[in-house]
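Peer 1: Chain residues, written in single-letter form:
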Amino acid sequence: MHACDPYTPELATVKEVYQETHNIRSLRIVLNDEEKMKNFSYIPGQVGQLSVFGVGESTFVISSPPTRKEFLQFSIMRVGEVTQRIHQLQPGDQIGVRAPLGNGFPIESLKGKDILFVGGGIGMAPLRTLLLYMIDNRADFGNITTIYGARTPNDLCYRYEFDEWRNGKVDLVLTVDAEFPGWKERVGFVPTVLKEEAPSPNNRVAIVCGPPIMIKFVLFGLKELGFEDEQIISTLERRMKCGVGICGRCNIGSSYVCLDGPVFTMKQLGGMAPEM
Amino acid sequence: MTTTDIEQLHKLMEDALPELEALIGWQPGYDALHAAPAIARTPEEASRLVFNPFCIHNLARTVAKTPPPPAKEGEAPKKIGVCVKGCDSRSIIALIQEGFLKREQLYIIGIPCKGTIDLRRLMKLAGEDLRAGVKSARIEGDSLVVEGAKGSRSFPLEKVLARRCMRCKYPNPVIYDVMAGDPVIPRASEEEAHKDVDAVENLPVAERLAFWQGELDRCIRCYACRNACPLCMCQDRCIAETRDPKWLPQYMGLSEKFIFHFIHAMHLAGRCTECGECERVCPQEIPVTLIKEKLNRITKELLDYEAGVSTEAVPPFLTFNPEELGI
Amino acid sequence: MSGKIYISRDGLAAAMEKLSRTMDVWTPAASAKDKWGVEFALYEPGVKPILDRQSTLSPKKTIFPQVEPLFQFERTKDPEDPSKTLIRLKDRPDAKPAIIFGAHPCDARGFFTFDKVFMEGPYKDPIYKDKREKTVIASVVCRECDDACFCSAVGGGPAEKEGSDIWITPVEDGYVLEAITPKGEPILEGLGAAATSQQEAAAAKVQEEAAQQVIAGGMKMTGETAEFMKHFEDKAFWQSAIAGCISCGVCTFVCPTCYCFTITDEARDTEGDRLRSWDSCMFYHYTLEASGHNPRPNNTDRYRNRLGHKFAYFPEKYDGMIACTGCGRCIRNCPASINIWKIAQSLKEQADACM
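Chains as they are written, first to last, in the numbering used here: chain H, 18 to 293; chain L, 150 to 476; chain P, 11 to 365.
Isolated chain H, as found in the complex (with noise of 0.2 angstroms):
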């Protein structure tokens, strides 16, 4: 293989395979290169180009972080030609993974702030990886507090791990859209649960990611609360072949969400073309 070359995936193989919705699979993999697999480093918030042979590659984040060194997982909506194939994946099936790609949240700007992530379906994928860093080095960070939504209970991702975040000293706040037989947790949409949650923003980061309108709705609500732009981040979601800033097709103006982003702050996006 040529060396240094960017196009090029190292083949991996898939461990463990979880359904976590009826349209949502995480999958762990493992690069079959043990000694690549050792000193595999990353910047939580990071993504990765996951190939299968013959279909396509596509961009999703890593979504476990790297203070756990046994596995890369990604959690993938099957919504395209190639998350439709990534979801027929078996434990011992290959795949290619290009990673790490992209630049990640920016860590130590965090280290001794609060922090409120709010997440909405499958964009709690990059808030976990944060999330479950910032647990394996808590002394680093204040308060954190996760207002996660979705739908029905049916269609949050990671509830095998809730008890975990919880106990991580992480004040979790779960919702759904509507009332559901044998939901405990909070009813609503996360903007309005936002609201009634009203964290401040002293000190206080917020980290977004969502739909796009619920995104919409939790800026308009972070800025009642006080928030800077400076003081919001979030993920950005566009069409990318190459992820390496080559291919072209995923600029915001003079940006390339996958070189620069897919992290920015409301402060980056405020200065970018407007073409979301």
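Straight-line C-alpha distance at most 20 angstroms; calculated PhoX-like pairs for lysine-lysine: (1) P:K352 <-> P:K240; (2) P:K45 <-> L:K308; (3) L:K273 <-> P:K58.
Pulled a few chain P residues facing chain H out of the computed Cβ check, cut under 10 angstroms: (4) K94; (5) I137; (6) C291; (7) R306.
Hints listed in this document are in silico derivations from the structure and should not be mistaken for laboratory results. Virtual Cβ for every residue (Gly too), placed ideally from N, Cα, C.
Place chains L and P on chain H using the hints.
Peer 2: Frame of chain H, contents of chains L and P only:
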């Protein structure tokens, strides 16, 4: 168009404009041998519209696929004005037949057309002389007269007109609200209109295959032919590009190119009005309209149908008649 | 010895024949019999170079082909567990040395845009780099400017040597060739007789005359980021600027600097290719996300991005460098005769008028 004709056209536009959302016409292009589609909303903008043998674009495509949005949001849209040549008007008819356009929402200014110029034919004849600095060009009788940087030159029309115009049976708009100028005499008879297809069809099979292989091999899959077609209506969902499901490999082999062009043609069977835009826009000079001309001839022979001549007619593939004539 | 050589018009084929023994020789030739268009083709006996007319497609395809495999893959059965499928990725062949014989100065400069993106970013493109480094560019001084050209407005010129390795000057009955980079020197060795002083003088005169052509009214353009951003949300401006745009890929495919590509997999039986192929920002699918969301759903959004990329985003990212060589191909070949140069200028004029 003579000076009087263009004055008449501007008068018609001026009269119609207050009742229109916008008027789609042609404006001068980057030199005297080019025009470009334009959207006029004010009398001043309308006064800049032109008509000349370089108004080669079929504006039915613009009005059907990228109509100008209403100037004021929320208000009921007024009619859209559109200037049409004979060929453009036939596309309008086909679009009305298929329900893509509504007659009552259009104000059609018909312009009899003496033919449009195929610039590559002209450049082949003129060479260096017309490369830059052309001041003006007009049709005079049977000639194109060009005032170039090195003086005036005259070219016989049959040497510089587009192939579609050489075989044109409908130079006068078939549907219109007003007509600008006097009708012109059609250039081609029914037989003459098919002589290019005949020429290819009369080739032995091996040569015919070689002809199409040679032509289609130059295709770069830019999809200009498809996008310029007023009747290609799948637009952004064309099977040439969708990946889910995926029909066409991304390879640039001859077979992929063949498949695309024949799918394009088959989807136009009984619909194509032979405006020739697919061929005109091809940067690789592939005579792609020929494929559709052949299909149209089959449609005519089997079903006695010609697309885009009557809004009342039902296109053969929009109906099912077990006792279909000719089959 | 000046190092300049002379090749007669009749001797051109023999020179190309000689070069083609050790390298791929790309030269502009008629795209087909009886066609007006010119296309870069691999030289073989019978190919007649056309050095005095711009090709329809730029020569970018010589280094950046319309479609090429990034790698090939093969599926095999795991001998230890036949229920499992293993994947093997195959090596790519190295690029062959090549020469583009008869580029125009605007074509040669087009690769500067590629170089920035493919070789100078945080990630390097090894396929492009390999070909680029092994390709020699021999350009012809341009005497064919027309009303769509604006090379000198964006930093080039009909006699601008930058970007070329060899400089070809047509003189009566032949060509004077001169190596202008070390890469070009070995190519000319033994390819022709040393040019006489008369031939050299004739070449100098041709170059001088070419350089004096007034292009785009002598205008100069710099990066227009501020003006562009002012008009970004001016829908009426973009709608009127591109009335008639059919959203096809002509402008991007003929362009010497448009480098955007897509990546797709094609598989047959047990093997397949991961392909890189030209994409066009004018296509709806270019930015269409799997969710169905499209940040650039309309042709105005897409055209704005194309113009912005060349005249605003690229200069912003790369020290003012405009990602356009003013070759005029997109203007000449546009089905709707859209004039990118005029639109770029009107951005500026309108911004000036506002001040």
